[in-house]
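Below, each chain spelled out in residue letters.
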Amino acid sequence: MISEQLLFALCGIGIFSIGLRATLIHQQLLSRLLALNVCGAGVFLIFIAIAYRGETQIADPVPHALVLTGIVVAVSAMAMALALRHKLKDLNDE
Amino acid sequence: MNNPMVWVIMLPLLASLITLAWPRRAHWIGLLFSVITLAFSMVLVYQVFNGGPQTHELGNWNAGLGIALRADALSASLLVMAMLVFTATTFYADAYFSDVNKRMRFWPLWLMLSTAINALLLSGDLFNLYVTLELLGLSAVALTALSDNRAALQASIRYLSIGLLGSLVFLAGVALIYTGYGILDLELLAQRIQAEPLAQVALTLMSAGLIIKSALFPMHFWLPAAHASAPAPVSAALSALVVKVSLYIILRLWIDVFDVVITPASALLIGILGAAAVIWGSWQALRAERLKLLAAYSTVAQLGYLFIFIPLITGLPEGQLRETAFTALVLLALTHGFAKSALFLSAGVVQHRAGHDRIADLAGTSRALPLTTFIIALSGVALIGLPPSGSFIAKWQLLAASIHSAQWWWIPVVATGSILAAAYTFRVLGHAFGPGDSAGKVLNWGREEIPALTLALFATVVLGLGSAGLWDFISNNSQFIGG
Amino acid sequence: MNLFNSLPLLILLSSLLPGLAIFLLKEESHGLRTLLNLLGAVTKLLFVAIMIWGVFHERDIEMRWALGPGLELVLQADALSVLFVTLSTILWLVTTIYAIGYLENTPHRSRFFGFFSLCVTATVGLALSGNLFTFVIFYELLTLATYPLVAHKGSPMAVRGARIYLAYTLGGGILLLIGAVWLHTIAGPIEFTQGGLLSQLPHLDPNALRWIFLLLIIGLGVKAALFPLHGWLPQAMVAPAPVSALLHAVAVVKAGAFGIVRVVYDVYGVEFSASLNLLPFLGAMAAFTIIYGSVKALSQDHLKRRLAYSTISQVSYIALGTAIVGPLATIGGVVHLVHQGVMKITLFFAAGNYAENLGVHRVSEMDGIGKRMPATTLAFSIAVLGMIGIPPVAGFISKWYLGLGALQTGDGIWVIPVLLISSLLNAAYFLPILYRAWFKRAVTAWPEEKPKTGRWEMPGALMWPPVITASLALIIGLFAAAPYSPLEWASLIAEREY
Chain A
372 MISEQLLFAL CGIGIFSIGL RATLIHQQLL SRLLALNVCG AGVFLIFIAI
422 AYRGETQIAD PVPHALVLTG IVVAVSAMAM ALALRHKLKD LNDE
Chain B
718 MNNPMVWVIM LPLLASLITL AWPRRAHWIG LLFSVITLAF SMVLVYQVFN
768 GGPQTHELGN WNAGLGIALR ADALSASLLV MAMLVFTATT FYADAYFSDV
818 NKRMRFWPLW LMLSTAINAL LLSGDLFNLY VTLELLGLSA VALTALSDNR
868 AALQASIRYL SIGLLGSLVF LAGVALIYTG YGILDLELLA QRIQAEPLAQ
918 VALTLMSAGL IIKSALFPMH FWLPAAHASA PAPVSAALSA LVVKVSLYII
968 LRLWIDVFDV VITPASALLI GILGAAAVIW GSWQALRAER LKLLAAYSTV
1018 AQLGYLFIFI PLITGLPEGQ LRETAFTALV LLALTHGFAK SALFLSAGVV
1068 QHRAGHDRIA DLAGTSRALP LTTFIIALSG VALIGLPPSG SFIAKWQLLA
1118 ASIHSAQWWW IPVVATGSIL AAAYTFRVLG HAFGPGDSAG KVLNWGREEI
1168 PALTLALFAT VVLGLGSAGL WDFISNNSQF IGG
Chain C
-9 MNLFNSLPLL ILLSSLLPGL AIFLLKEESH GLRTLLNLLG AVTKLLFVAI
41 MIWGVFHERD IEMRWALGPG LELVLQADAL SVLFVTLSTI LWLVTTIYAI
91 GYLENTPHRS RFFGFFSLCV TATVGLALSG NLFTFVIFYE LLTLATYPLV
141 AHKGSPMAVR GARIYLAYTL GGGILLLIGA VWLHTIAGPI EFTQGGLLSQ
191 LPHLDPNALR WIFLLLIIGL GVKAALFPLH GWLPQAMVAP APVSALLHAV
241 AVVKAGAFGI VRVVYDVYGV EFSASLNLLP FLGAMAAFTI IYGSVKALSQ
291 DHLKRRLAYS TISQVSYIAL GTAIVGPLAT IGGVVHLVHQ GVMKITLFFA
341 AGNYAENLGV HRVSEMDGIG KRMPATTLAF SIAVLGMIGI PPVAGFISKW
391 YLGLGALQTG DGIWVIPVLL ISSLLNAAYF LPILYRAWFK RAVTAWPEEK
441 PKTGRWEMPG ALMWPPVITA SLALIIGLFA AAPYSPLEWA SLIAEREY
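Residue numbers (our numbering), protein chains in the order written: chain A, 372 to 465; chain B, 718 to 1200; chain C, -9 to 488.
Think of the hints as simulated: they come from the structure by calculation, not from any bench.
All C-beta atoms in this analysis are idealised placements derived from N, C-alpha and C, irrespective of residue type, glycine included.
Sample of chain B residues facing chain A (criterion: CB under 7 Å; computed from the structure):
| # | residue |
| --- | --- |
| 1 | Ser873 |
| 2 | Ile874 |
| 3 | Leu877 |
| 4 | Ala889 |
Could you put the whole structure together from the sequences, leaning on the hints where they help?
Put into structure tokens, the structure is as follows:
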């Protein structure tokens, strides 16, 4: 029987792989950025799974802190990517 | 708070925020803070020199829960190099950007870049390395996009997405390490790490991420466009510093923390990639049509040399030979940092005055811009590895290490790389020596040429003739190479 | 640090500092540039004079500067380095005067004289190197300093010539570097030691030493223009005349030959090289180059090209002398280092004068030139006679000792026919020039004649240098037995080597 922790971790790895594959094969910028987000979500899920220490104990706070930082970084990076894309589009339209 | 490690991170961060709030005085703040930060980085080197590797636990939280800053000879010497390059380039940038709008956007990002580089070099744990890598990547991308043209924007988006991918792969490796060992602190990790599959997979993931970021062949494809289309001072920092700090993490992991995990085969593999980078990068540099593109491809090649050192260092027995090879690696990294930034800054001067940087149309440059041509020649000397540059001594030791460790196959790679480097350097100089009409004074654009000249002299004369000090410094104060 | 130990550095600085200062000068500041040039050259000569005295009285002249584990910059003076330093310094002074006259009113003079000084600095540094590491450094610096001089004119031809020059010399430099590093890894720092360093070290793998010797000799042979590594030399002829003169007489070609002498005598040791069977290889290469250069020179109509092939041939006498074991051959080879320099620089000055004054570039245009330019042609003739080996000009002394050395060893007897054939060939490609110059009637108009201005056939700065060097060639030939003469020094060197 698979433990819940392992299940989540495997899911995380699965999502990460799907995202990775999509990042590498998609040519279009927007799809690529979305794929990167999926990829990131996978990694974050792995971290959340790591934090789990069983029913009785509270979860390990360190991975949680890491995930929070990671999400902040990922969101700002994505915002910047979108801003750059917008700017590029403006240049193309001119 | 009276630790220089804290200050070299806090000062640029503070300066970045001030310039954001007070853009009209931004250049003064930038110059002032970078000079002070440079001074603090020198204090740090002094401390390491006298007291060995330094550790500072922020807010007195113990490593494990808290965040530790660490400096040994490797990080301290890279830090001083980074600050010297950064300060010189700051002076250059002050003269380079004429557009008010661009200046306003430049300064906060520029100082943030310095914050990220310094913080990365002093980070003592894996997660902090991830955060600083991201901070570095984001500020670098934003700076690349400052050029405001299509090529630069496209390159910066590509740079951003490939960088994000690299960080995520790295982060996945970090997650594995935490699963297996429950710690992220590098020093503690180095004691506990075992040669087991988990550690191997984690190292592979982290290295893959870093290889993307440090543009090791064949993951170099994003670099030339990004480095060649950014504004000159930004290109200088990208090529001299940004890729190099990713390489710094690889070295830290491969030679220091994970040394028990490394197998000769994996070291050989990374060395072969390095060799391919040397040949391919140099060849592409030779074929490049623009000066900045040439400089960017030359970065790909020069980073390759640094990777060739890894199988040599791990292949040598612990002791003096290994220390010598390791110091030669640091010397080459430092020399390249100075030389490449000088080259990019000079390319910027050429581009500004001539309106282009097409190599085939550079005729007359040696007359119109004699000092700039001289700087290009000096940095070329360092890139080829000719005396009196620091890279000559580094290459001497690289060849010696190949012979000592019976890995003779690197010798033809180094020889070919040097010949190609000579070919692309003198191709530029050959065109520059061509006839032209306008004769210029020796020193025409002092505010741009003097910083570049300083950097070029560091690469050639200072590191070439003063390298003995580095040898003592590295071999006595390194956490590396056992002993 | 006492005066003697700082002498090598002072000698380097006396051309380095003026060179760097000249770079910063404006194109128009002709007077200041000339002053700096001459000041540097004269100061250097003064220091060299002190050094000669010091070496003769066996003072220790040495300074060291560490660059890393096992890597030290060592500058020192022994008899051999003093010989080469003196030659370079004197010929630099003369060539500077010539170059000032030659380049009058041409562009880029600050750049030219700056690199000219750097080139001499590198040559002198090479002469004063105390170990192989330092030698390699200055060897590469010399390549760098001469490239802009060859490319000086900036024409596509010049840039192409410079590129070929660079490809050869940097390629050779890499082989030299690999050889030097290899030797370092098996034998430690390679200090130049009289009698040879390696011969004193036991337990070295002879096969490795043979391979290293090959690498070093090929690396050095490129600059010394040994066949088949000589291809750059005729191409580098596009350089201005003073550069060609310096390149052929002291700087580049001589640096290679000097390096070969150093490697054979002071790294391996001549007897040790012989016991490794290395010298027949070097001797054969040198002998072939001597004949090859002379044969090629026969068919060249272009005067400078004929001289270039003659250099290829003549410089190999030095390598030949090195390849024969025995003090007499050593004397012959080493003294030729000086003799060839003095004679060849005269020839190039003269060739430069013909081109500059009358636009004469080809041998076939030289009919009757002796009447129009008697002083230059007289100097040219003296040097030519010396090259052929006719007494009492200096070249005779070199060939005489080489021949004696060959006879002395017995198994070097094959050298005698090489010397004879080469002298005949020298005569065959040089004497027709003299015949044309003195005995044929001049054509009606010279290709590009400059109007005569002063009382001499051409400006003094151009006319006097060949006259001075030709007289020098005559004097060192006539007074070869006098104290402090090149021959005396070469004997001193040979004495200390055996």
